[in-house]
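K.L.:
If you read the protein sequences in the order shown, they are chains A and B. Note that numbering that gives the first Met the number 0 numbers the first sequence so that position 123 is 122, with each residue one more than the last. Note that numbering that gives the first Met the number 0 numbers the second sequence so that position 119 is 118, with each residue one more than the last.
Be aware that a few hints might be false.
Because identical chains cannot be distinguished in the list, a pair is counted as satisfied if it fits within a single copy or across any two copies.
For lysine-lysine, the following DSS-like pairs were computed, each having C-alpha atoms within a straight-line distance of at most 25 Å [to be verified]:
#, residue 1, residue 2
1, Lys134, Lys33
2, Lys38, Lys55
3, Lys78, Lys145
4, Lys37, Lys55
5, Lys158, Lys201
6, Lys134, Lys145
7, Lys134, Lys78
8, Lys37, Lys78
9, Lys134, Lys55
10, Lys55, Lys145
11, Lys78, Lys158
12, Lys38, Lys78
13, Lys55, Lys33
14, Lys145, Lys158
It should be emphasised that the hints constitute simulated quantities derived from the structure, not laboratory data. Everything numeric in this text was worked out from a predicted model, so none of it was measured.
There are 2 protein chains.
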Amino acid sequence: MNISSLIMFDEFERYIRQYEPGLTREQMQLIRSKSVLKKVRRRQVLLHEGEVCQHKIFVLRGLLRTYGTANDGSEYVMKFTPEYEWITDPDSYFNRTPSELNIDAIEASDVVLWSHDDFEALRTVIPEINTLSEKLITQNMGVTQKRILLNISANAEEKYQYFIATYPDILRRVPLHMVASYLGVSRETLTRIRQGQAVAAKS
Amino acid sequence: MNISSLIMFDEFERYIRQYEPGLTREQMQLIRSKSVLKKVRRRQVLLHEGEVCQHKIFVLRGLLRTYGTANDGSEYVMKFTPEYEWITDPDSYFNRTPSELNIDAIEASDVVLWSHDDFEALRTVIPEINTLSEKLITQNMGVTQKRILLNISANAEEKYQYFIATYPDILRRVPLHMVASYLGVSRETLTRIRQGQAVAAKS
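Extracted from the complex, chain A is given alone in its bound form:
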């Protein structure tokens, strides 16, 4: 293992310990042995729709995107995953069914992969992993619920306002057409909203 991998593993270990400070050195060693580091190029695809999602993916550095394809062939962004967040297709991962989603890298990224089988093995010997896993899933569900509520109750401008207030960092790192796709508004509408706000900010 080279030094950069060691540093990354150490960083991942510190992250895990935030949630589960009580893990022993042996448990942590086991988790390390099941965690695969991967360097991902920009635009590299980690999950193709139609495949079974094999991993829980943790982003150490970089930015991933999860997206689906509509009937007319256009892409729709489901989620952006920056540093220190997890991404998987939970339905496909857990039920071993073909995914309807794709996951690719918007920036060159360092990720940690937990394969389905390794994770199942880990959770039987380290029950604390279940708590961590459920905590992450439910945090994710909270974000998702908020998004649905916005989708059905807010107009395009309110959705954009919420996005820039919640994800100011992602806004700077992602092309505008992907933000439009995430919000479910056309690029023209988003441009109009941003111009309106720039004018309002100046006056």
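Once you've looked at the hints, dock chain B against the given chain A.
P.N.:
Relative to the frame of chain A, chain B by itself:
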């Protein structure tokens, strides 16, 4: 315990066994002892926004609704939960934070309640419960992802088509304004879509 409660517990046990056929009689007895049956009147509220969500709720009979309130005071339907499905506010339930959602009964219902503390006790002695719990959460995530994808990619007519294809039974049991609220379209738009489809079906 009266006979109707016994019958309901037996039904709940059969449901659990579908997922976890390997549970022993003692484990099942423990699950029963932590499961609280509740008869819910129509319009009765099981969770008020601002409260911490205390339960995982399983619907044996009836129909529940989860809804939020927008800034302008109007209600937005997050989810309908019919027989043999679970509902909770996962974020509030797991992280013990005040919920932004309400859960009430659209029909008189029989539900099974698992309290947070009882469930935590159950999962430490019956690890199979974790698998069941995660399976249910991820199924729910699959539905939720599909909904977000529709919300950002489909027009009102397509969303309605998907709803009646996926939940024909719920459509019959729920007032139309709640369906409109679930879809995030106005009641007028929904009426127009339904009239258009009725005309198309006749011609």
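K.L.:
Each hint should be assessed against the structure and marked as holding or not.
P.N.:
Now for the hints, and whether the structure bears them out:
With identical chains, the CA atoms of Lys134 and Lys33 are at most 25 Å apart both within one copy (20 Å) and between copies (22 Å). When the C-alpha separation of Lys38 and Lys55 is checked against a cutoff of 25 Å, the pair qualifies only within one copy, where the shortest distance is 15 Å, while the shortest distance between copies is 40 Å. In the homo-oligomer, the alpha carbons of Lys78 and Lys145 lie at most 25 Å apart both inside one protomer (13 Å) and across protomers (13 Å), since each shortest distance falls under that limit. Taking the closest pair of Cα atoms, Lys37 and Lys55 come within 25 Å of each other only inside a single copy of the chain (13 Å); across copies the shortest separation is 37 Å, beyond that limit.
Taking identical chains as interchangeable, the C-alpha atoms of Lys158 and Lys201 lie at most 25 Å apart only when both belong to the same chain, with a minimum of 22 Å there against 39 Å between chains. Taking the closest pair of Cα atoms, Lys134 and Lys145 come within 25 Å of each other both inside a single copy (17 Å) and across two copies (22 Å). Taking the shortest alpha-carbon separations for Lys134 and Lys78, both the intra-copy value of 18 Å and the inter-copy value of 21 Å come in at or below 25 Å. Taking identical chains as interchangeable, the C-alpha atoms of Lys37 and Lys78 lie at most 25 Å apart only when both belong to the same chain, with a minimum of 20 Å there against 38 Å between chains.
Taking identical chains as interchangeable, the C-alpha atoms of Lys134 and Lys55 lie at most 25 Å apart whether they share a chain (14 Å) or sit on different chains (15 Å). Taking identical chains as interchangeable, the C-alpha atoms of Lys55 and Lys145 lie at most 25 Å apart whether they share a chain (23 Å) or sit on different chains (19 Å). When the C-alpha separation of Lys78 and Lys158 is checked against a cutoff of 25 Å, the pair qualifies both within a copy, at 15 Å, and between copies, at 20 Å. For the homomeric pair Lys38 and Lys78, the shortest alpha-carbon distance inside one copy (20 Å) is at most 25 Å, but the shortest distance between copies (39 Å) is not.
Taking CA atoms no more than 25 Å apart as the test, Lys55 paired with Lys33 passes inside one copy only; the shortest distance there is 12 Å, against 32 Å between copies. Proximity of Lys145 to Lys158 under the C-alpha cut-off of 25 Å is found in both arrangements, the shortest distances being 11 Å within a copy and 19 Å between copies.
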